[in-house]
Amino acid sequence: MITLLEARNIGKRFGGLQALSDVSLTIRKGEVYGLIGPNGAGKTTFFNVLTGAYTPDGGEFVFNGSELPVGKPHKVVGRGIARTFQNIRLFRELTALENVMAGHHIRTKAGVWGVLTQNRFTREEERLTTERAYELLKYVGIERFAEVVSKNLSYGDQRRLEIARALATEPQLLALDEPAAGMNATETAQLKLLIEQIRRDGITVMLIEHDVKLVMGLCDRVAVLDFGKKIAEDVPAVVQRNDAVIAAYLGGGKHAH
Amino acid sequence: MNELAAAVPWLGKRNPMAARWLILIIAIVAPFIAWQFGKSWVRILDFALLYMMLALGLNLVVGFAGLLDLGYIAFYAVGAYTFAFLASPHFDVHLPFWVILPLGAGFAALAGIMLGFPVLRLRGDYLAIVTLGFGEIVRIFMLNLNYPVNITNGPQGINMIDPINLFGWDLSRNIQVTENFTINSLFLYYYFFLLAVAASIVFIQRLQISRVGRAWAAMRDDELAAKAIGINTRNMKLLAFSLGATFGGVSGCLFGAFQGFVSPESFSLMESIAVLTMVVFGGMGNIAGAVVGAFVLALLPEVLRDVAVPLQQTLFGHVLLDPEVLRMLLLSLAMILMMLLRPAGMIPARARYSHDHHLSNKLKQGGAK
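If you read the sequences in order, they're chains A and B.
Quick note: the first sequence uses the numbering used here, first residue 18, plus one each step.
Quick note: the second sequence uses the numbering used here, first residue 118, plus one each step.
No lab work stands behind these hints, which were simulated from the structure alone.
Be a bit skeptical, because a hint or two may be false.
[Said to hold, decoys possible] Here are some chain B residues pointing at chain A (derived, C-beta under 8 Å):
no.	residue
1	Ala316
2	Val329
3	Leu341
4	Lys344
Beta carbons are placed, not taken as given, at the ideal position from N, Cα and C, and that holds for glycine.
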């Protein structure tokens with residue numbers, strides 16, 4: 018299998034807190050890779066470092082064979098990594114469609130001159146952007162809300178919209194930060210179908226999730242973080258039986274009573 | 118224009134085409150109506166148009182990109198002084214209008230970038246304080262750069278600035294049509310400024326409904342998320358500052374030429390606040406709002422001057438409140454009332470950031486199934 022992303026000895030410290038220490042992991046092309054761990058284990062920090070929101074104290078990411086730029090989110094997106102947020106962060110005043118159109122920003126080119134003169138290139142690009150954004154809304158199943166201002170969408174639809182917006186950046190790796198948080202069983206089941214569809218369409222998915230059933234049913238491989246360290250990495254069935262993992266989740270090993 | 122038309126009460130929703138024509142007709146006949154009340158009212162309308170341009174430019178920065186700028190008038194000053202330097206006896210340089218206008222716009226844009234760089238990481242209140250300082254710095258420079266080398270002529274300002282000259286057509290001269298019918302120069306300026314405002318509206322609307330406008334809106338709504346979808350927020354902020362400043366610079370050039378005189382006192386903090394008030398009053402992030410806000414608030418003090426003074430004299434026998442004091446009082450009161458009653462401004466129409474006309478049709482067809 019081809020390696021898509023390789024994290025090498027990633028470290029991140031916040032004051033006295035070592036949020037990530039020497040985290041190394043490898044994500045293969047086409048898989049769904051789960052990143053789990055108790056609260057505060059450093060999962061979201063890992064996402065933030067990966068996507069350039071934070072600068073790591075040490076280590077590097079190799080994506081598609083070359084190193085990722087550090088601390089430059091827009092360049093990371095340009096390389097093909099998109100993310101969603103744990104607490105939904107949509108562009109509240111924009112419609113669902115416009116949110117996704119904004120997601121196309123990095124794959125489009127129109128500049129001020131083209132916009133002011135409305136030349137053929139700009140008009141054509143705008144038309145394509147609109148159409149592709151609409152297709153993406155359809156893809157995640159919320160096209161009927163295309164013209165609804167995003168802050169007025171229901172919670173589950175906002176989550177979907179966020180995924181559509183991330184997909185609009187045409188990523189090779191989609192990093193989802195707790196996409197099922199706050200969803201009911203039906204919504205979670207639909208989300209599972211959506212992620213499976215995304216994988217079938219050739220996009221590698223990295224998933225932070227607390228819903229164990231979802232993680233186990235969806236992920237090809239899982240890494241477990243605890244106190245900023247990777248304590249396990251394997252297929253879900255194996256990780257589930259790992260002593261260190263059980264200890265991390267239940268607070269103490271099987272001998273600690 | 119669409120947005121403006123839609124904002125016309127009653128008619129706007131029923132018949133946008135008629136509303137458009139109505140706006141056009143009002144814009145064309147306005148100076149003739151003003152003329153009936155005296156020459157000074159046409160002059161006031163001319164200034165209202167300049168304020169409109171300022172409000173449109175500031176709206177781009179504050180409303181579209183969400184960058185609160187309290188020093189916007191500095192760019193107006195840069196434009197006005199550029200014109201004064203390059204077309205007055207002060208340095209004895211007299212460049213043609215069409216040369217100075219892009220220069221003024223360019224210098225203002227440069228000033229916008231100069232302001233933009235140090236404030237890239239600031240938001241909200243902090244940004245407001247730095248921009249306020251920037252506005253004051255520019256004004257104080259204009260005030261004090263008369264020594265040791267006299268550049269700005271200090272508090273006296275620069276006088277006898279050349280009027281606008283469009284390829285040999287001097288706008289400051291009245292046109293004598295027949296013996297007892299002349300077109301006053303104020304009308305010429307009015308229509309020229311009207312064209313400038315119309316062009317500004319077209320440009321700004323195109324910007325708003327575009328890749329650039331969406332990126333600004335995204336940045337305004339959630340900067341972190343904007344970065345996470347690949348928007349280079351640094352560049353987009355600098356772009357907003359410089360483009361916004363460009364409109365200020367152009368407006369300043371026109372102001373300098375129209376007034377024939379510039380001095381630092383025209384560019385005080387109160388002017389920055391007045392322009393911001395126009396934007397907020399009309400409806401932030403909204404082109405029609407900026408236009409209406411500028412029109413209402415530019416006219417208000419003049420109406421006060423004409424109405425409040427005689428009214429007070431008849432009521433109390435003498436003038437209790439100076440119109441200038443009354444202006445600030447009423448402006449503040451208007452703002453407080455707006456915040457309480459219509460926090461989104463007079464025209465809180467939702468701005469659009471995409472052409473979704475054909476999509477709307479698609480959706481309607483989908484719904485009919």
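Outcome of the hint check:
no.: 1; hint: Ala316; verdict: violated, 10 Å
no.: 2; hint: Val329; verdict: holds, 6 Å
no.: 3; hint: Leu341; verdict: holds, 6 Å
no.: 4; hint: Lys344; verdict: holds, 4 Å
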